[in-house]
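There are 2 protein chains.
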Amino acid sequence: MEEQSIQMNLCSTRKEKPDSDQLEFGKIFTDHMFIMDYSDEKGWHDARITPYEPLRLDPSAMIFHYGQSVFEGLKAYLTSEGKVQLFRPEKNMQRLNRSNNRLCIPPIDEEFALQAIKQLVAVEKDWIPRAEGTSLYIRPFIISTEPYLGVAPSSHYQFIVILSPVGAYYKEGINPVKIAVENQYVRAVLGGTGEAKTGGNYASSLKAQEMVADQGFAQVLWLDGVEKKYIEEVGSMNVFFKINGEVVTPALNGSILEGVTRNSVIKLLKHWNVPIVERKISMEELAKANKDGTLEEAFGAGTAAVISPIGQLTWNDEDFVINHGKTGKIAKRLYDTLTGIQYGKESDPFDWIVEVEEVEQLVR
Amino acid sequence: MEEQSIQMNLCSTRKEKPDSDQLEFGKIFTDHMFIMDYSDEKGWHDARITPYEPLRLDPSAMIFHYGQSVFEGLKAYLTSEGKVQLFRPEKNMQRLNRSNNRLCIPPIDEEFALQAIKQLVAVEKDWIPRAEGTSLYIRPFIISTEPYLGVAPSSHYQFIVILSPVGAYYKEGINPVKIAVENQYVRAVLGGTGEAKTGGNYASSLKAQEMVADQGFAQVLWLDGVEKKYIEEVGSMNVFFKINGEVVTPALNGSILEGVTRNSVIKLLKHWNVPIVERKISMEELAKANKDGTLEEAFGAGTAAVISPIGQLTWNDEDFVINHGKTGKIAKRLYDTLTGIQYGKESDPFDWIVEVEEVEQLVR
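Protein chains in written order, with numbering that gives the first Met the number 0: chain A, 0 to 363; chain B, 0 to 363.
Any given hint could be a false lead.
One copy or two, either will do: identical chains are not told apart, so a pair holds if it fits within one copy or between any two.
[To be verified] Okay, derived cross-link-like pairs now, DSBU-like style, lysine-lysine, Cα gap no bigger than 30 Å in a straight line: (1) 117 with 290; (2) 331 with 266; (3) 206 with 41; (4) 206 with 328; (5) 325 with 82; (6) 41 with 26; (7) 269 with 287; (8) 14 with 41; (9) 269 with 290; (10) 124 with 287; (11) 14 with 331; (12) 41 with 287; (13) 279 with 227; (14) 14 with 170; (15) 331 with 41; (16) 170 with 26; (17) 228 with 206; (18) 344 with 124; (19) 82 with 279; (20) 228 with 279; (21) 26 with 14.
Just so you know, the hints here were simulated from the structure itself, not pulled from any lab data.
Work the whole structure out from these sequences, hints included.
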């Protein structure tokens with residue numbers, strides 16, 4: 000792709016900002032968005048920051064029919080000194096391109112896309128909420144836009160970035176949830192799209208989620224699609240267990256999404272000399288560990304919650320109450336450290352933070 | 000759902016119709032479309048036939064992120080007497096609701112949706128091409144439109160029907176294709192969305208299709224996601240084999256789409272007293288039948304091609320040439336009979352045809 004610049008078309012008036020104590024997730028959007036077009040002839044082109052407004056798409060646009068799309072999710076954090084920070088955003092850009100590959104979507108220039116995100120966040124700096132635990136959620140996504148009903152990769156795409164100020168995930172402090180092990184529905188299978196961040200994986204997960212929500216569970220624990228024996232993910236997070244002093248997480252196997260938080264948890268645990276292994280874990284092993292008292296902690300890891308402790312796991316009719324239903328020590332330490340780094344309160348031993356400079360420096 | 004009527008807002012000028020000998024699939028659309036909205040408060044409402052025009056959707060509309068969508072595909076045929084015919088459209092409406100159920104989309108009123116399709120086709124009657132083998136393709140689809148980034152069923156949807164005049168699938172007569180057995184990628188697995196007609200299934204199929212197309216194959220033959228042993232579908236069609244005088248098709252198992260053409264093929268074969276069974280079929284069984292000379296025919300069945308004979312099947316490095324690479328007798332007879340019924344040239348023993356009345360009778 001040739002070097003390109005970002006056209007700026009800013010609003011003359013701005014929307015009123017919401018109260019940062021009252022924020023929900025993903026319902027309010029900022030004044031501007033980033034868009035870039037792709038055609039087979041021109042490649043990615045016409046990068047621009049424009050007012051946030053509806054997309055106009057032909058009813059035959061492929062995204063409405065064949066689901067060819069990918070997305071990412073990350074956050075911008077405001078430090079107490081007024082700095083704007085991103086957390087390992089290059090990992091999201093790398094994964095976006097891995098997802099693109101699986102979905103037959105042309106790759107983006109990762110550095111340019113990250114530059115676009117930084118520039119958009121800088122333009123919208125005043126939208127980053129200040130209250131404890133709040134942030135500006137960043138949603139890059141690519142949709143197939145060719146007006147054609149043939150089942151084939153689209154010849155046209157749009158790469159779009161939108162921003163949403165989001166509230167603290169834990170309004171009353173980090174808190175364990177109840178999870179149901181899903182035996183009927185499957186999230187993904189080897190040879191499918193489980194490794195990619197694409198709409199279809201989320202669409203297919205809704206049914207299981209809907210069924211367990213009625214029974215008071217926060218999420219489902221997904222098992223492998225082949226044997227329904229091995230643990231894959233929890234809801235839309237990666238999952239970790241502490242068994243007899245060792246932290247275990249399912250190894251990446253082609254159907255598990257490679258989470259940025261998952262990778263960060265593994266790096267931190269190694270840094271702390273806490274034993275951590277990536278391998279297959281079966282429900283039977285977990286049941287045995289629960290029975291003999293060696294299942295010490297369980298938690299999910301993802302961008303939205305950072306760390307989500309699991310207080311109870313229900314498998315068929317069996318309830319595993321983990322760490323007396325309380326947040327475990329490792330989960331708490333990971334949560335405090337990760338959020339500490341993200342909000343600039345803790346040192347950043349791995350150079351994970353990418354600072355967003357002032358808009359004047361970005362817009363040339 | 001309460002009884003509702005369809006508001007009519009017709010164009011004052013019409014587009015020029017394409018040459019019916021030059022038509023491709025799914026690239027040209029008619030003057031009007033049908034739309035109906037859904038909200039949790041109002042249910043399905045505001046049914047209308049309006050000019051065909053771009054949809055305006057918020058960039059955060061769920062369809063762009065989480066793929067919650069379903070669709071159908073059927074055709075309107077013009078008979079030599081000028082009648083407009085649909086083929087078993089009630090089956091498509093039933094399947095649409097089964098897909099809706101799997102994707103957590105509220106059900107539609109099947110009779111009302113079919114009435115809407117008939118009314119739209121009647122309005123666009125002049126768009127139905129007249130050349131041999133051509134038809135008006137009908138694409139009903141439902142998309143999730145709530146502007147919200149939470150992973151949850153949408154609270155807003157649109158049900159839309161668009162129409163596209165399409166050319167003959169076989170420009171030079173029914174013709175066998177070469178198919179590659181897919182060993183790496185998987186279309187669907189039990190517990191996933193394989194039974195539903197939803198975008199994600201098609202998005203995930205693109206990669207395998209792209210890889211075999213480079214090697215000169217028309218489509219892939221999908222194997223089951225668990226053992227990669229049993230045959231599921233071919234491309235986006237159901238598949239049939241004639242082995243030693245008996246026709247065999249994979250039994251519906253939760254990951255195979257229940258095709259309307261599949262069902263019609265089974266009914267016709269029974270009517271003709273041709274042995275037909277629905278059961279598991281492994282690639283090993285097929286290889287054995289190929290070796291001992293009992294693999295007599297193979298063909299796909301779907302709305303687009305009706306019947307698509309398979310002349311060669313390649314499994315790993317082994318090529319099975321079927322019926323000397325020629326269209327088999329059963330495939331030909333099914334193709335002639337099904338298209339004969341669809342175009343009103345053959346009698347319709349099962350009452351499969353639904354006639355579309357003149358627009359004056361439909362618009363009250």
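Here is how each hint holds up against the structure:
1. 117 with 290: Answer is neither: 49 Å inside a copy and 62 Å across each miss the 30 Å cutoff.
2. 331 with 266: Answer is within; shortest intra-copy Cα gap is 16 Å, inter-copy 62 Å.
3. 206 with 41: between (40 Å within a copy, 22 Å between copies)
4. 206 with 328: Answer is neither; intra-copy 33 Å and inter-copy 43 Å both fail.
5. 325 with 82: Neither. Shortest intra-copy (34 Å) and inter-copy (70 Å) distances fail the 30 Å Cα cut-off.
6. 41 with 26: Classified as between: cross-chain Cα gap 21 Å, same-chain 34 Å, threshold 30 Å.
7. 269 with 287: within (26 Å within a copy, 53 Å between copies)
8. 14 with 41: between (35 Å within a copy, 29 Å between copies)
9. 269 with 290: Answer is within: at 28 Å inside a copy they meet the 30 Å cutoff, but 56 Å across does not.
10. 124 with 287: neither (50 Å within a copy, 67 Å between copies)
11. 14 with 331: Neither: 37 Å inside a chain and 64 Å across chains, both beyond 30 Å.
12. 41 with 287: Neither. Shortest intra-copy (58 Å) and inter-copy (50 Å) distances fail the 30 Å Cα cut-off.
13. 279 with 227: Classified as both; 12 Å inside a copy, 21 Å across copies.
14. 14 with 170: Intra 26 Å, inter 56 Å, cutoff 30 Å: intra-copy only.
15. 331 with 41: For residue 331 and residue 41, the Cα distance exceeds 30 Å both inside one copy (49 Å) and across copies (44 Å).
16. 170 with 26: within (17 Å within a copy, 50 Å between copies)
17. 228 with 206: Result: close both inside a copy and across copies, 20 Å intra and 28 Å inter.
18. 344 with 124: This pair counts as within: shortest intra-copy Cα distance 19 Å, inter-copy 68 Å.
19. 82 with 279: Answer is neither: 41 Å inside a copy and 61 Å across each miss the 30 Å cutoff.
20. 228 with 279: both (10 Å within a copy, 24 Å between copies)
21. 26 with 14: within (14 Å within a copy, 39 Å between copies)
Checked against the numbered hints listed earlier, the structure breaks hints 1, 4, 5, 10, 11, 12, 15 and 19; every other hint is satisfied.
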